[in-house]
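S.K.: Based on these hints, arrange chain U on the given structure of chain A.
Each chain, letter by letter, is given below.
There are 2 protein chains.
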Amino acid sequence: MVNETQHTHSASSSSRSDGGSSSGSESSKDNSRCSTPVLDADRHERLREKMRRRQDAGDKWFSLEFFPPRTANAAVNLISRFDRMGAGGPLFIDVTWHPAGDPGSDKETSSMIIANTAVNYCGLETILHMTCCNQTKDDITGHLQKAKRLGLKNIMALRGDPAGEEWEEEVDGFNYAVDLVKHIRNEFEDYFDICVAGYPKGHPEAESYEADLRHLKEKVFAGADFIITQLFFRPETFFKFMKDCQAIGITCPIIPGIFPIQGYHSLRQLVKLSKLEVPQEIKDVIEPIKDNDAAIRNYGVELAVSMCRELLDSGMVHGLHFYTLNREVATTEVLKRLGLWKEDPRRPLPWAVSAHPKRRVEDVRPIFWASRPKSYIYRTQEWDDFPNGRWGNSSSPAFGELKDYYLFYLKSKSPREELLKMWGEELTGEESVFEVFTCYITGEPNRNGYKVTCMPWNDDPLATETNLLKDQLEKVNRRGILTINSQPNINGKPSTDPIVGWGPSGGYVFQKAYLEFFTSSEIVTALLKVLKKYELRVNYHIVNVKGQNITNAPDLQPNAVTWGIFPGREIIQPTVVDPVSFLSWKDEAFALWIEQWAKLYEEESPSRMIIQYIHDNYYLVNLVDNDFPLENCLWQVVEDTFELLN
Amino acid sequence: MVNETQHTHSASSSSRSDGGSSSGSESSKDNSRCSTPVLDADRHERLREKMRRRQDAGDKWFSLEFFPPRTANAAVNLISRFDRMGAGGPLFIDVTWHPAGDPGSDKETSSMIIANTAVNYCGLETILHMTCCNQTKDDITGHLQKAKRLGLKNIMALRGDPAGEEWEEEVDGFNYAVDLVKHIRNEFEDYFDICVAGYPKGHPEAESYEADLRHLKEKVFAGADFIITQLFFRPETFFKFMKDCQAIGITCPIIPGIFPIQGYHSLRQLVKLSKLEVPQEIKDVIEPIKDNDAAIRNYGVELAVSMCRELLDSGMVHGLHFYTLNREVATTEVLKRLGLWKEDPRRPLPWAVSAHPKRRVEDVRPIFWASRPKSYIYRTQEWDDFPNGRWGNSSSPAFGELKDYYLFYLKSKSPREELLKMWGEELTGEESVFEVFTCYITGEPNRNGYKVTCMPWNDDPLATETNLLKDQLEKVNRRGILTINSQPNINGKPSTDPIVGWGPSGGYVFQKAYLEFFTSSEIVTALLKVLKKYELRVNYHIVNVKGQNITNAPDLQPNAVTWGIFPGREIIQPTVVDPVSFLSWKDEAFALWIEQWAKLYEEESPSRMIIQYIHDNYYLVNLVDNDFPLENCLWQVVEDTFELLN
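Same order as they appear, the protein sequences are chains A and U.
Residue numbers for the first sequence follow the UniProt record's numbering, so the first one is 1 and each next one is one higher.
Residue numbers for the second sequence follow the UniProt record's numbering, so the first one is 1 and each next one is one higher.
Isolated chain A (complex conformation) (with noise of 0.2 Å):
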């Protein structure tokens, strides 16, 4: 009879799929959120399984469409752009390719580094585009090697602008898209998904409309995934355009691009590049307001909104993809009237996923990393893989030396002055040190009227989860424990909760209270005969700069401190406080000291030399309360520390 069940096994793994699924629904609203650890076996399936999802999901998406910017500060502002769109959920971003940019080398604003930033540090699926003409071979697998090796997995296969006019023809060279896709299948099989131009109105350069149509179904037949328009102003042209398509026996997904008018230039110069004509009914709108680019803006949000319902009505149209011109408001608006801007209102957890395919199944990080993401993740890039979800040896993970502070996607998002203005021009002792962490904690303007917006440690304002903490965070930091991290402890609440939810509907969230901070020797000898009092308590780790290591933690486990349970999943232990991992952390945090900060003085200067002598002998702390149930009681341990020294 045992063998009579062998049949069984297939039997019902064909049948398991008709058993209706509760989280059908939730996962289709799997996006780019990159807030929350891997929950799904297929989280990271690929864009055209997604796509392929949404769709019949019945679940409408959106992508976005941003160009390499040409100065490195322009970087920075473009990856915080990334972080905040991406928080809409977008299904993908693509990345324009700039030839006259050096779009494959390794600078902070080529068309390559750009993508790789979107994919690894903002934790979006990302879509490198990619031009042929012009270029050898060699090149080309040149680029698609690097793209692959940094964790890229999507290309859209463009041909470029000829350089100049005279361009003709090479014999076997790349001279059309689809000589692109045909490189792309040949050299690395199915490992891209790859996108491809459609032209509603025909190419400009194509000999006519149906002429164009047989060229994109070339480029489809060569392996295209899937088609992206060029933009249009009339939903007739795309809905024409579609069914042209079809009718020659284009299947795939086509995404119509859309171009919210965001001013009289942008629209002349895009129209001129892309040999469109604006209909007469929107020239008759714009000419009359051309120098009043708020009504333009206005107009052109409307314009898309009406466009993009007519679209989305029609049922032909699952996705909208926008061309931002690396702007925020305009597409921001169109997409939130559209109702498709999926913001988690809950609080996001110290995480920042990334899309790299070797850290699909990472599920655990240390806690010291919380406002500091993109850093963990640079700092990890080598592993070669993450079994367990985690560091493969946590007795010894390997972390890359933080070298160079000045990784365009870990600046500061500050000018020097600006922070100056933060942190004090002038330092008079350990005590404005104290005010500083102080005005930080509670929103109020320093001494010289100026708000504390962000610290070395974390370039962002205080979460909403730390302002729950924040009449205790004053006082301790008012005192001397220079806060640096911290979470309240949590007892079951739902995973729905705005504040402190995370993950799934369905499921409970819990957490250990937990404090970190930097304080004087004096203080933590304090510390420590108040802490014998909570010896099963409180597990602490205490370490300075030199690695004097102090610590009640048992071997070198890592204790858990946020987990949630939810319907039909293992545990989620997003982090940890792992024993090892906080001697790598304190590396990077005390030379924050020095280099975000010390830094901004001159040398011998007496505020130089107060953060110096910080840096040099205080301790960084980590503190955590157990049981999760009763009241937190790391304020009590530091009011009895306090106490004790008085």
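What the hints contain is simulated information worked out from the structure, not anything from laboratory work.
Honestly, I wouldn't trust all of these hints.
Pairs count within a copy or across copies, as identical chains cannot be separated in the list.
Heads up, simulated DSS-like pairs for lysine-lysine below, C-alpha to C-alpha not over 30 Å straight-line [unchecked claim]:
1) Lys342 to Lys533
2) Lys148 to Lys546
3) Lys532 to Lys342
4) Lys240 to Lys533
5) Lys137 to Lys411
6) Lys532 to Lys60
M.R.: The following block gives chain U in isolation, referenced to the frame of chain A:
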């Protein structure tokens, strides 16, 4: 400055041990108790390291010696005894080597297989004895290789009794235990921990006491890790021996062998074999009561307790080794009176940890095998390792087939006649089967006056924890929901809770309510209608013997149903409901109807046909209530189902 910190890692890791460890005392209580999955990375340290750690912690321990049984039935009983005596927390057990009983064979009564069962199925640290005299090098190497393959890690190296009187040393042969010790170290390097025998009165065949001590020193210097002594009757004998050993440079642990006198004849026989003399003061007590077994045993217990106390109080003795003669009562009594019997009053997890080194990291199992952990270990014995603490690839865990239902460690402890009395000499319909299930739950005698103390799916009476659900279980079993596994929901009870607690103290344990049962297709149809109302709350799997499978589980992901949060640790999640392995469990659960129950009856008999009908037509159902903080809704689900049917 980043470079500066290079050296601090090693500095800190040495100073790390200076920090007081709150888990030190807890982990020193580590023993062979087999109810909790891996909590310490070093749980499976080597026996000699465990010994050293216990000694350093000032923590006394005991060990138990058994000999292999003569019959298969006796083997089943011995395995049950391992489970019961294992609960008291021995540091290890050892199994003697019976040259006459084909000790290295695959027979269920061989020394090798009994030791294998103790390690793999009872989770006991085990020493296998091995004798060398009259054996070839190849034989011995073969035995050792087999032991290693089975996961045995410790050998007691003995000479054994020469066959016949005319024994002579063989040149280059194995003449003494020291030859075996050398051979093991030569061939297997440091793989095995090696134990050797010490004779406090000198070996009976040694030229002298001093010569025997020199032999012992040779064995230790050849690579033995510790010594267990022959039995003795007076503590002074041991103290003198120990001092003499130390005087000649033997520094390894020496463990006194304790023989609680259990009867007149066993004492006489042992004394004859070991050529020891019983002291006059003992003879004086025993001779007058030699026909009163109980009186002799009581005296033996008294004597053993008093001698053990003296040994332990001396400070020279850290562990006691008991010659049990395969009996339980006397040894258990001595251990309880000494305070060494450390039974955990809390319920065991459904786990039975295996002591096989490759299962060192196993920390999660499907709940289905809760009452058949030995079967689970058996069916997963071919797994190469346990990445992620479990099956390597959760989407296709390959379970071994359970072909032979008569594997001796899976056999029912009750003989056929008893099973018939419990489960019915003659069944009259499905209702008589409902009655058997109900009687098992209530503990009430059946209509013929017999208590139902086991079921095909559970060889033991109901667990204390399940008793919490008794009333509801009784109600549903009466009506044909034939439950075989269940647990209540638990929302953060202390890990020391006597009924539901597990794991180290200071933690909190959680459960999702779980219910697993067989039931008719009529009830399943109604149940499915009811479950629609609970779609977001209850996960279910419903499968029949042919493998028709209905589920609302998302993807193929396991659902965690038991977990614990402990100070300074990651989350422990010992049991899950796993949709893939459920299909393997289904095969086993349905097969038990036939193999254990139907086959009690004649072929073609009405009773057998009733069981066969149930096997062919019923469904196996499991339900998980994901809302563990709320009141368990599974009873309401069943209630609603019955209502719908009425």
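S.K.: Work down the list of hints and note, for each, if the structure agrees.
M.R.: For each hint, the structure was consulted:
1. Lys342 to Lys533: between (48 Å within a copy, 28 Å between copies)
2. Lys148 to Lys546: Close neither inside one copy (40 Å) nor across copies (46 Å); limit 30 Å.
3. Lys532 to Lys342: Answer is between; shortest inter-copy Cα gap is 28 Å, intra-copy 48 Å.
4. Lys240 to Lys533: neither (77 Å within a copy, 45 Å between copies)
5. Lys137 to Lys411: Close neither inside one copy (36 Å) nor across copies (69 Å); limit 30 Å.
6. Lys532 to Lys60: Cα proximity of Lys532 and Lys60: across copies only (27 Å, versus 57 Å in one copy).
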